[in-house]
Amino acid sequence: MALLEIKNLHAEIDGKEILKGIDLSINAGEVHAIMGPNGSGKSTLCHVLGGRDGYEVTKGSITFDGHDLLEMETEERAIAGLLLGFQHPVEIPGVKNIYLLKEALNAKREAQGLDEIDTFSFMKQVRELVASMNMDDAFLHRGVNAGFSGGEKKRNEILQMLLLEPKLALLDETDSGLDIDALKVVSDGINRMRGEERGIILVTHYQRLLNYVEPDFVHVLYKGRIIKSGDKSLAHRLEAEGYQEILEEAS
Amino acid sequence: MTETQELEQLVKREYKYGFTTDIEQEIIPPGLDEDVVRMISAKKNEPEFMLEWRLSAFRQWKKMAEPEWAHVHYPKIDYQALSYYAAPKTQEELDAEAPESLDDVDPKLLETYEKLGIPLHERAALAGVKGANVAVDAVFDSVSVTTTFKEKLAEAGVIFCSFSEAVENHPELVQKYLGTVVPQGDNFFAALNSAVFSDGSFVYVPKGVTCPMELSTYFRINAQNTGQFERTLIVAEEGASVSYLEGCTAPQRDENQLHAAVVELVALDDAEIKYSTVQNWYPGDEEGKGGIYNFVTKRGECRGDRSKITWTQVEAGSAITWKYPSCVLKGDDSVGEFYSVAVGNNYQQIDSGTKMVHLGSRTRSTIVSKGISAGRAENAYRGLVHIGKTSKDARNFTQCDSLLIGDRCGAHTFPYIEAKNSSAQVEHEATTSKVSDDQMFYLRSRGLSEEDAMNMVVNGFCKEVFNELPMEFAVEAQALLAVSLEGSVG
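Those protein sequences? They're chains S and C, same order as listed.
All letters in the first sequence, in the order written, are residues 1 to 251 by my numbering.
All letters in the second sequence, in the order written, are residues 1 to 490 by my numbering.
Warning: the hint list may mix true and false statements.
Said to hold, decoys possible - Straight-line distance between alpha carbons at most 35 Å, and here's what the computed DSBU-like set of lysine-lysine pairs gives:
1. 434/C x 20/S
2. 167/S x 434/C
3. 16/S x 223/S
4. 124/S x 463/C
Please keep in mind that the hints were generated in silico from the structure rather than gathered at the bench.
Owing to the predicted nature of the structure, the values given are computational and were not obtained by experimental measurement.
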C-alpha cells in the first residue's frame, strides 16, 4: 500500500475551487517533486495535507499510512508522521527554539507510549544535528524563528525534520530565499533524510533544488491538476523550456 | 466551524479549585459602624493606638465615595450587607501560639492545602520538616492558623509573623510604619481596609540582614459572604533585603466577594524588597456570575537612597481586578520595577497597572506589563509615571504589550506621563497583537495540541515577566496561565 494516496482531491478556499482533482500516490523510499507556476495550487495542496483551517475538501480522499487523513487534526497528522516544512515559518517570540524542539519530540513520544526524552540525550542529539546544519548552538536559545534570516528559517525547518523523523516530509518551497551555501546545507539535510522508510515531497517553483536532491518522480501542477508526471528529466525540461511548452503539450 | 463557534465551544473551563472547607466560622453579623470596628479591635485584643487608628480610618471612609473611574463595571456593593470578621473556631484560643506541628491543626485545613496544590515541599515546610526552606504564614480566612520557621528567621533577626502577632509583640514597629506608605484616607478601599482589616502578614528585616529564605504566604477566602481585608507591612532597614511571595486561590461560590487588601513596603537606604504575587481568586463562572472583586492597594516606598523595590505579579483570577502596585522613589538613586502578567478570560475585568512616582534624583523605574485577554474579558493597563520637580535625571522605561485571543475581548491602555523636570527621560512602548492562526497552525503541525500550542505562545509572550519570578513561582505561574486559558483557543 502506498504511504500517501491522494484520490480525485478537490479543495476550495472561501468558496473558490483551487484543487480540481488531484491524484497522487507516494511510496516509502521515494522522493517526489511537485512543480508548477505561481497560483497552480502548490501551497494549497500543502495546507490541505497539513490540515489547515479554512481549506475545505469538497471531493476525493487522502489516505496516509492506512489512516483517513481528512479525519485527522493537524497535530494528529504530525504525530502520525506527516510533517510539513513551511515556506514562511512563523515567528513565536519568547519561545526558545530548543523548547519547541523538545515539546514536539515529546508530543510524538507520548503518542508512542514512550517517556519524555531525558535532557542529556536530547541535548546530545540536538547539538549533533545543529552542527550538521552548519548552525551555532546559540541558535537553540533564540526565539523560534524570531529575527532569523530566510536561510536560518529554512535550516530550522530541516533541523526539526531531522529530529522528528517523519514518515513523510512535505517541504513547501524549502529552497526559496536561500543563497547557494544555504541551499547546499539544506539539500544535504534533505538527502540525509532519504531512506527506505520515508517518503519526501519537494514542492518547488524552480528546478534549482533538484540539482542537489534528485527526485525519483516529478509532477507538474497546473490550475489545480497534475497535468504531467515523469522522472527527473521532466524537471530538466522545465528548466530548459519553461512551463509554457509543457502546458501546451499537456492540453 | 467558524472561529467564533469554536471559541464558544472551547471557552468552557471550570474553576479547578472549587470547594469550600467545612469549618465552623465565628462571624460578626453583617453591617459596619463604629461598634463593629471596636468589636474587631477588641476581638483581637488590640492596644489603644490600633483602635484609634481604625476609628480614624472609619471616619474618613464614611465621607468617601467609591471610585468609578476604572474601566470596570459591577453592581453597587452594599457595604452594610457584608460581614466584617470571621475566625475559625477550631482553635481553642485565637491568640495561642501557632502550633508547632500540623498534627495540632484541623485536618480539614490540611485537606484544603492539598486541594490548593500547595507544593509538597511547602507542605513539608508547613509541617516543620527540616531542610525545607520556604516559610509559610498561612492565612486561613482572617486568623493565622500556623506560622513556621519563625525561629530560624529570628536567628537572623527577621520578624515574619501575622499582623495580629506583630501588633501584640512589636507594637512600636507597627505604630512607626503602619500607614506611612498608604495613609488611612488614601482611597476608598484603603480606608475601608484600615478600619476593619482582619489580619495579614508583617515582615521586618533589620539593618544589613539578607533574609535567609524566601517568605511565602498563601491567602484563602473561606467564609461565606465575608469581605476580606488583609493588611501586609514589610519593612527593610538599611542594607537589608527580602523576597516575599504571595499566592492565593479561593473556593467556588455564587456571591461576589469583596477583597480589599492593603500592602505597604518600606525600603530604607540600600535596602531591597522583591514582592511577587500569583493571584488566582475565583473569577466567576463562564457567564460571569460570581467571582471575587479584588480591589487592592499596594504601594512601596523607596524611602532611602539606593533602595530598590520590585513588584512582580501574575494576575489570573478575580471577576474584577483593580490593582496598581506602585513605587514612590523618594531616595536618590532608588529603583522601582513593575513586572506584570494579567490574564482575563470569560467575563473577567481587569484594570491594573502601576504608578512610578519619581521624587529623588537619578531614580529609575521599569514597567513591563503583559495583558492577555480571552473570551469576553476586558483588560486595561493604567499606569502613571510621575517625575517630580525635585527629581533630576530620572529615567523610566515602560513596555506595555497586549495579546488578544479571539475577537470578543478587549485590551485598553491608559498611560499617564507627568514630567515636571526637564532632565527626565521617559520611554513608552506599546504593542497589541493577536495569537495568529499562522502561529497556531505552525505549532500544531509540529504535533502540539491546540491548548499546548496556545500555552506556548502565551508563555513566550509573558517570558520577560516570568523571568523575574522566583523559580518555583515561575513554574506555578505557567501552570496557572494554562488553567486560566483552558478552553480559550479555537
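For this session: Below or equal to 35 Å on CA atoms is what counts here, so check residue 167/S against residue 434/C.
Result: Cα-Cα ~33 Å, so holds.
For this session: For the pair we were handed, residue 16/S and residue 223/S, check the Cα-Cα distance against 35 Å.
Result: Answer holds: residue 16/S to residue 223/S is near 12 Å, not above 35 Å.
For this session: Sort out whether residue 463/C lies within 35 Å of residue 124/S, counting only the CA atoms.
Result: holds (26 Å)
Problem set entry | Hint consistency between residue 434/C and residue 20/S [alpha-carbon to alpha-carbon, up to 35 Å] | holds (34 Å)
Violated hints for the displayed structure: none, as all numbered hints are satisfied.
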